[in-house]
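All chains, full assembly: derive it from the sequences and hints.
Number of protein chains: 2
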Amino acid sequence: MQTLKVIKIGGNIIDNDDALQQFLKDFATIKAPKILVHGGGKLATKLANQMQVEVKMIEGRRITDVDTLDIITMVYAGKINKHIVASLQAHNCNAIGFSGADGNTIVSDKRPINTIDYGFVGDVKQVNTEALEVLLNNAIAPVFCAITHDTNGQLLNTNADTIASELAIGLSKLFKTELYYCFEKNGVLKSIDDDNSVITSITTENVKALISDGIISDGMLPKVNNCIHAVSNHVQKVCIGKPSMLFDSNTKHTTISK
Amino acid sequence: MQTLKVIKIGGNIIDNDDALQQFLKDFATIKAPKILVHGGGKLATKLANQMQVEVKMIEGRRITDVDTLDIITMVYAGKINKHIVASLQAHNCNAIGFSGADGNTIVSDKRPINTIDYGFVGDVKQVNTEALEVLLNNAIAPVFCAITHDTNGQLLNTNADTIASELAIGLSKLFKTELYYCFEKNGVLKSIDDDNSVITSITTENVKALISDGIISDGMLPKVNNCIHAVSNHVQKVCIGKPSMLFDSNTKHTTISK
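Top to bottom, those sequences are chains A and B.
For the first sequence, full-length UniProt numbering gives the first residue as 1, with consecutive numbering after it.
For the second sequence, full-length UniProt numbering gives the first residue as 1, with consecutive numbering after it.
One should not assume that every hint holds.
The list treats identical chains as interchangeable, and a pair is accepted whether it falls inside one copy or across any two copies.
Said to hold, decoys possible - In silico SDA-like cross-links for lysine to any residue, where the CA-CA straight-line distance does not exceed 20 Å: (1) K190 to I211; (2) K46 to D67; (3) K258 to M57; (4) K185 to D18; (5) K237 to Q52; (6) K242 to Q126; (7) K185 to I211; (8) K46 to L69; (9) K46 to V66; (10) K42 to D67; (11) K46 to I58.
Treat the hints as calculated values from the structure; they're not laboratory data.
And the structure:
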């Protein structure tokens, strides 16, 4: 089995074009089959302000009403995705942009309304690998934005970390998959302000204590849960850290394992 | 050689979602390898107004400055393209959205500045068929928006009619290609207000007289020139008319031939 790297880059890299271009230049050098998943950064909020569309948040989470879904589709699948694909081509990396609707790759269910109506938000139900397999075997890198569909014509806003983990899990029947979450810190930190306090290893054993001790909390909690979900479902390797962990084995980072 | 249909739909179908859905439902039934190319409709102008970006026109042509290119990328490659792809999936037609940057499929040169600076507008230089061939042979329909790239990371606004004809020409070495321009009229009309005055046949012979007599003029002139260019370059069949010409052989339309 070939190794497939699924690499997710966060908003902070998207928002800084110099950092993005450096990352894409490095990404282009990866020889193995590879998939890039990108978050949205601050551009969607900026466009919402320009269009005078109110950004609705409940408990720190964006509510995706119909206007917000339009904005997200325009910014994530349009502006950011095409900018990344065109940049990768400039670095001689053949790439094709994807939402989950493209190739019917990622099917999700609209999140049911319990206490909060999140609007057009999708929870991943199924990954279809046929189209991706064909492209990966032809040295073309799929580039995913954080949008999925319900197979009835409805696009849905979906967490980019989840898209990355579900792709890695779904493709693990065809490839030895590795999952990398790249962001601006060295990994999961014991002290959020100390980039040297990296927890180098998180396992399905020690993760519960780290959560109950409050060391893994807030935004890091769903990310780590995605990692645990991935290593528990046939993903061979899961890492969190700076993009340089992909290219320099001395880079500090967090490895999540079973 | 298999037959490949390249079908371009104009803005008027994009602007009316009932008409668009009816078309996509019909398009999904086409068994042959097929490519859809879509124009932009009025949504880009609407978004420009919302964002208070001035729409600059010279001699009826949009000038694509950097803000306009952003808007076009968001609307064409984002909102419209993903809406079409998700709708096709709902009709059980597997599709993947494309700009010319995706798969490095359509390379263009930024139009040189002579008397008018059109801005970020690209004239098609090359069609690369590798990625398209793989998808078409796997029963996946590429859906193109009217954006290309220069291989140096720059996206460029490109006429959708030209994209359709260049795709049909480029793929004619692999398929017997047919090109269909679908819009709201029955074809090229003798009298613009009389939808029954269809010119059923235009040839490389009679086209010059039709142009010099002023029967083919204005917006129809570049469209017919695209058709003549296609039939002169290995495209087997070129038609202009209503979408129903694809599904009902009795539908009046214009056929362009050598």
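Intra- versus inter-copy proximity for V66 and K46 (alpha-carbon distance at most 20 Å): both (17 Å within a copy, 17 Å between copies)
Copy assignment of K185 with D18, given that the CA separation must stay at most 20 Å: within (17 Å within a copy, 48 Å between copies)
Status of D67 relative to K42 across identical chains (alpha carbons, at most 20 Å): both (17 Å within a copy, 17 Å between copies)
Up to 20 Å CA-CA - I58 versus K46, copy category: Close inside one copy (19 Å), not across copies (30 Å); limit 20 Å.
20 Å Cα threshold - placement of I211 relative to K185: Within one copy only: 19 Å inside a chain, 64 Å across chains, cut-off 20 Å.
Homo-oligomer pair classification [I211, K190; C-alpha up to 20 Å]: Close inside one copy (11 Å), not across copies (75 Å); limit 20 Å.
Alpha-carbon proximity context of K46 and L69, limit 20 Å: both (14 Å within a copy, 17 Å between copies)
Intra- versus inter-subunit Cα pairing at 20 Å for K242 with Q126: neither (29 Å within a copy, 38 Å between copies)
K237 and Q52: within-copy, between-copy, both or neither at 20 Å Cα: neither (43 Å within a copy, 47 Å between copies)
Up to 20 Å CA-CA - D67 versus K46, copy category: both (14 Å within a copy, 14 Å between copies)
Same-copy or cross-copy closeness of K258 to M57 [CA-CA at most 20 Å]: This pair counts as neither: shortest intra-copy Cα distance 35 Å, inter-copy 60 Å.
In this structure, the earlier hints numbered 3, 5 and 6 are contradicted, and the remaining ones agree with it.
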